[in-house]
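A.B. asks: Chains as they are written, first to last, in our numbering: chain H, 1 to 323; chain P, 1 to 246.
Quick caveat, the hints were computed from the structure, so don't treat them as lab data. Treat the hints with care, since some could be wrong.
Which residues of chain H face chain P? A partial, calculated answer using Cβ under 10 Å [claimed, not checked]:
no., residue
1, Gly19
2, His24
3, Glu28
4, Thr77
5, Lys78
6, Gln80
7, Phe134
8, Asn176
9, Phe179
10, Gly180
11, Tyr181
12, Lys184
13, Arg192
14, Met210
Just so we're clear, the structure is a prediction, and the values are computed from it rather than from any experiment. We put the beta carbon where it would ideally sit given N, CA and C, even for glycine.
Residues per chain are reported as follows:
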Amino acid sequence: MQAGWLKQAWWLILAAVVGILAPHIISEFYLMILGEALIMSIFALAFNLLFGYMGQLSFGQAAFYGLGGYTVAMLLTKLQFNFWLSLVAGILVAGIVGLIVGYFCVKLRGIYFAILTLAFGQLLFVIIYKWHDFTGGDDGIQGVFPPEALKAPISYYYFILIVFAASVYLLWKVVNSPFGYVLKAMRENPERTEFLGINIARYQLMAFVMAAALSGLAGALWAPFYRSVAPFHLMWVKSGEPVMATILGGSTTFFGPVVGTFLMTFLHAYVLGFTYFWPVIMGSFILVVIFLLPGGILGFAQEKLRERSFKAMTPEGRDQDAP
Amino acid sequence: MLLETRGLTKDFGRLRAVNSVSLEVSQGDVHAIIGPNGAGKSTYFNLITGYHVPTSGEVIFKGRRITRLPSHKRCKLGITRSFQITSVFPKLTVYEGVLLALLSSKGITLNPLSRAMNYFKDEVWHILEDVGLAEQARVRGDSLSHGDKKRWELAITLGTGPELLLLDEPTCGMSPEETEATMVLIQKLAEERGLTILFTEHDMGVVFGIAKRISVLHQGMLIADGEPQAVRASEEVQKVYLGGVA
């Protein structure tokens with residue numbers, strides 16, 4: 001049993017060790033990129049709770065990410081509010097707005113859901129963009145500093161790493177809980193799920209709020225990390241990032257969005273070093289994955305493994321079925 | 001009386017799919033609803049499960065009027081159905097599907113932090129053994145054979161802890177052996193679990209083999225209702241439906 005557990009989780013331990021040792025191995029530039037990848041991974045994981053697990057494509061997820069960031073930035077710069085409480089406020093604001101937006105969105109499915117989330121996202125973007133007096137408009141907000149203890153890149157990095165690990169743990173619990181199974185069932189077959197006595201809209205709304213709050217957390221982490229926020233953090237382009245990362249990594253696997261985000265973030269940082277045409281490279285990359293690795297990188301690997309174990313299992317199964 | 005419909009009517013535009021059907025289903029009965037294609041059987045089912053809202057009439061379950069109650073609430077009361085077009089969960093395993101139904105019926109699906117797999121192990125295995133799917137517990141829905149999908153469907157339905165089970169063409173598309181096994185299973189469920197079963201079926205062998213009571217729909221109307229022998233003997237039924245079959 002003990003050994004079996006180790007066999008399953010060795011790569012998690014490896015990842016944790018790499019995460020802890022990273023600041024002593026890589027340059028400060030790449031440490032910043034790593035921090036960004038971790039924050040964006042939380043964002044992508046939140047998105048995939050809706051997309052991969054519940055089967056609804058949210059194309060306005062950046063609105064909650066941006067709201068989390070703006071809440072922290074405004075509380076810190078305008079009110080010199082407590083840093084930790086600002087983070088909590090960022091999560092709460094995103095969650096509460098998620099409750100309102102979600103109330104309308106969960107009544108719809110498929111493309112209609114996607115379009116409505118996009119519309120709400122753009123609406124919130126425009127409000128922040130145009131309301132210059134309150135939000136700083138297109139200037140955004142600068143000078144968002146973390147407390148003294150977290151000012152050094154390495155300490156803020158460790159802070160991000162801890163929050164990332166906690167988010168992963170929490171989401172892992174959620175997707176394997178009874179509630180998580182309901183999400184999967186709704187993705188597979190909403191009509192059948194309703195006949196199990198499940199009120200679809202209610203569960204979708206709960207998941208929507210969770211995803212909004214977690215996206216808010218990612219944004220709240222980002223603002224002090226980058227020392228600023230800007231309206232484009234709420235924009236549909238930003239909403240597209242977790243979508244692409246998740247498709248790249250594989251939406252049917254838990255860690256797919258993380259793999260996709262890491263790939264995108266590091267590729268971006270690397271390619272930007274010698275060309276501004278990085279979208280072309282990213283686009284080609286996604287095309288290759290979609291055609292050669294259907295299901296995304298992790299999704300494809302998982303499916304292959306499953307097929308192999310299924311094939312290995314079948315002979316026994318056949319024997320029992322044989323007359 | 002477990003279930004009663006009074007003057008139940010459903011119009012789709014100008015088409016009257018179900019026309020003033022008044023019917024009683026007794027506790028513990030295996031009750032068949034038969035009729036030619038387009039007789040309104042499926043629509044009648046949908047009115048009982050809450051998929052459609054009737055144009056007029058009432059649905060009464062255990063003395064309570066449920067005519068306008070949404071499906072998920074009816075399910076909680078103990079009415080549940082299987083689907084004619086097998087409509088299950090392609091990416092969930094057989095075990096997970098049944099577990100999900102149990103989690104839902106026991107009202108713990110709102111729990112986001114405990115481990116789903118730790119619940120109801122005995123109950124899930126018990127149901128899987130009852131329907132003969134224990135061997136396939138780890139198989140995913142999209143890898144099951146047609147007959148097994150139907151059995152899984154039934155297992156999921158059992159997991160919701162129903163009192164009234166509606167089965168829409170339970171043996172549709174099955175081989176003779178599978179059909180036989182399903183008939184045995186339905187009778188076993190009614191006897192051992194005390195379920196009331198209301199089912200539609202086009203295979204008259206199945207209907208007369210297991211039904212204790214038969215109701216015949218024709219063009220949306222109830223034209224006969226009673227013991228199998230009486231229904232078989234009815235001239236009207238002979239004329240519109242059974243033909244030479246019986």
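A.B. asks: The structure should be examined with respect to each hint, and the outcome stated for every one.
C.D. replies: Verification of the hints:
1. Gly19: violated, 24 Å
2. His24: This hint is violated: histidine 24 of chain H lies away from chain P, its Cβ roughly 35 Å from the closest one there, beyond 10 Å.
3. Glu28: violated, 38 Å
4. Thr77: violated, 34 Å
5. Lys78: violated, 34 Å
6. Gln80: violated, 35 Å
7. Phe134: For phenylalanine 134 of chain H, the interface hint is violated, since the closest Cβ of chain P sits about 35 Å away, which is over 10 Å.
8. Asn176: holds, 6 Å
9. Phe179: Check passed: Cβ of phenylalanine 179 of chain H comes within 4 Å of chain P, closer than 10 Å.
10. Gly180: Cβ of glycine 180 of chain H sits 7 Å from chain P, so the hint holds.
11. Tyr181: holds, 5 Å
12. Lys184: It holds, given that the least Cβ distance between lysine 184 of chain H and chain P is near 6 Å, below 10 Å.
13. Arg192: Hint on arginine 192 of chain H: holds, closest Cβ of chain P at ~5 Å, below 10 Å.
14. Met210: Given a least distance of 8 Å, the restraint on methionine 210 of chain H holds.
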